[in-house]
Structure formats: C-alpha cells, structure tokens
Amino acid sequence: MQPSMNIFSLHSCPPSYLSHFPTSSRFCVEGQNPNPLYTLQTSVNSPQFMILSNSTSDEAEENHNDIVNERKQRRKLSNRESARRSRMRKQRQVDELWSQVMWLRNENHQLLHKLNRVLESHEKVIEENAQLKEETSELKHVISDMQLQIQSPSLVLEPTLHR
Numbered sequence: 181m182q183p184s185m186n187i188f189s190l191h192s193c194p195p196s197y198l199s200h201f202p203t204s205s206r207f208c209v210e211g212q213n214p215n216p217l218y219t220l221q222t223s224v225n226s227p228q229f230m231i232l233s234n235s236t237s238d239e240a241e242e243n244h245n246d247i248v249n250e251r252k253q254r255r256k257l258s259n260r261e262s263a264r265r266s267r268m269r270k271q272r273q274v275d276e277l278w279s280q281v282m283w284l285r286n287e288n289h290q291l292l293h294k295l296n297r298v299l300e301s302h303e304k305v306i307e308e309n310a311q312l313k314e315e316t317s318e319l320k321h322v323i324s325d326m327q328l329q330i331q332s333p334s335l336v337l338e339p340t341l342h343r
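Here my numbering is used: the first residue of the sequence shown is 181, the next is one more, and so on.
Treat the hints as calculated values from the structure; they're not laboratory data.
Check before you lean on any hint, since a few could be wrong.
[Unchecked claim] Listed next, with one range per pair, are the computed distances between beta-carbon atoms:
#: 1; residue 1: Glu318; residue 2: His293; range: 58 to 68 Å
#: 2; residue 1: Leu328; residue 2: Leu291; range: 51 to 61 Å
#: 3; residue 1: Ser258; residue 2: Asn296; range: 32 to 42 Å
#: 4; residue 1: Glu315; residue 2: Arg285; range: 53 to 63 Å
#: 5; residue 1: Gln253; residue 2: Leu291; range: 33 to 43 Å
#: 6; residue 1: Gln273; residue 2: Ala240; range: 27 to 37 Å
#: 7; residue 1: Ser266; residue 2: Glu239; range: 31 to 41 Å
#: 8; residue 1: Glu318; residue 2: Arg285; range: 26 to 36 Å
#: 9; residue 1: Glu276; residue 2: Glu242; range: 28 to 38 Å
#: 10; residue 1: Val322; residue 2: Arg297; range: 43 to 53 Å
The C-beta atom is built at its ideal place from N, Cα and C for all residues, glycine as well.
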C-alpha cells in the first residue's frame with residue numbers, strides 16, 4: 181500500500197473553505213491534522229482515491245448530463261413553440277389570402293355585372309343612333325324635295341304627301 185500524505189501538510193493552515201470546521205491551533209503550527217476527516221490519500225492507485233475520484237467524476241458527469249438534458253428539453257420546447265407560432269402565422273396568411281380571394285371574386289362579379297349593363301346600354305344607344313341617322317336622312321330628303329318644289333313650282337304635277 182502506498183504511503184498516505186496529508187494534503188494540508190503542504191500548507192501551514194487548512195484552506196479557507198474548511199474554516200468552519202473545528203481545528204486545533206496545533207494543526208497550523210505543526211502542519212498535522214489530528215482529525216482523520218481531513219486526511220486524504222494522494223496515491224492514484226489507492227482504492228479510497230479511486231472511489232472518491234469515480235464518485236466525483238460520476239457526479240460531475242451526471243450533473244453535466246442533467247444540464248445537457250435540461251438544455252435539450254428547453255430547446256425542444258422552444259422549437260415546438262416556434263413551430264406553433266409559425267403554423268399560426270402561416271394560417272393567418274392563408275386566411276387573409278382567402279379573404280382577399282373572396283373580396284376580389286365579389287369585386288370581379290360586380291364589375292362584370294356593371295360591364296354587361298354598360299354593354300346593353302351601349303347597344304341601345306347604337307340602335308337609337310342608327311334610327312336617328314335614318315330619320316335625319318329622311319328629313320333631309322323631305323327638305324330637299326320641298327326646296328325643289330319651291331324653286332320650280334311648275335314641275336310639281338301632283339302634291340306629295342308622305343304621311
């Protein structure tokens with residue numbers, strides 16, 4: 181078995197984090213600790229050191245794994261929440277687009293109805309215009325006939341009645 185060495189023998193006093201433990205003044209003076217709780221084996225091959233080192237490394241690894249798992253859980257939760265917000269945002273956009281589609285379809289329907297009324301009105305105006313042109317032509321013809329009668333009354337053999 182390896183010889184044990186008191187880790188406080190290198191210092192004249194125990195470290196400050198152990199100041200709340202009772203020590204004797206003799207500890208600081210002689211560099212020896214009468215309390216066996218303060219004595220540690222410095223040999224790496226000693227079973228006590230290996231148990232101590234394994235338990236601390238196991239605890240440290242377990243703590244590290246706990247921290248890593250906690251971070252993963254938080255990240256998963258954050259990602260889920262982000263995905264939920266993204267889905268909601270996308271759904272709002274789709275709803276807004278559908279609303280726009282419906283409004284545009286309604287507007288298109290109204291404009292088509294208005295266009296049909298204007299086209300019907302246009303057709304009526306064209307028919308009325310053609311009728312007026314015909315009447316104008318007839319009236320011009322009547323006027324020209326009357327002017328001819330006035331200029332040469334002798335040519336008129338019969339009175340012309342058009343109506």
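*List, from low to high, the hint numbers that the structure doesn't satisfy.*
Hints 1, 3, 4, 5, 6, 8, 9 and 10 are the ones this structure does not satisfy, whereas the remaining hints hold.
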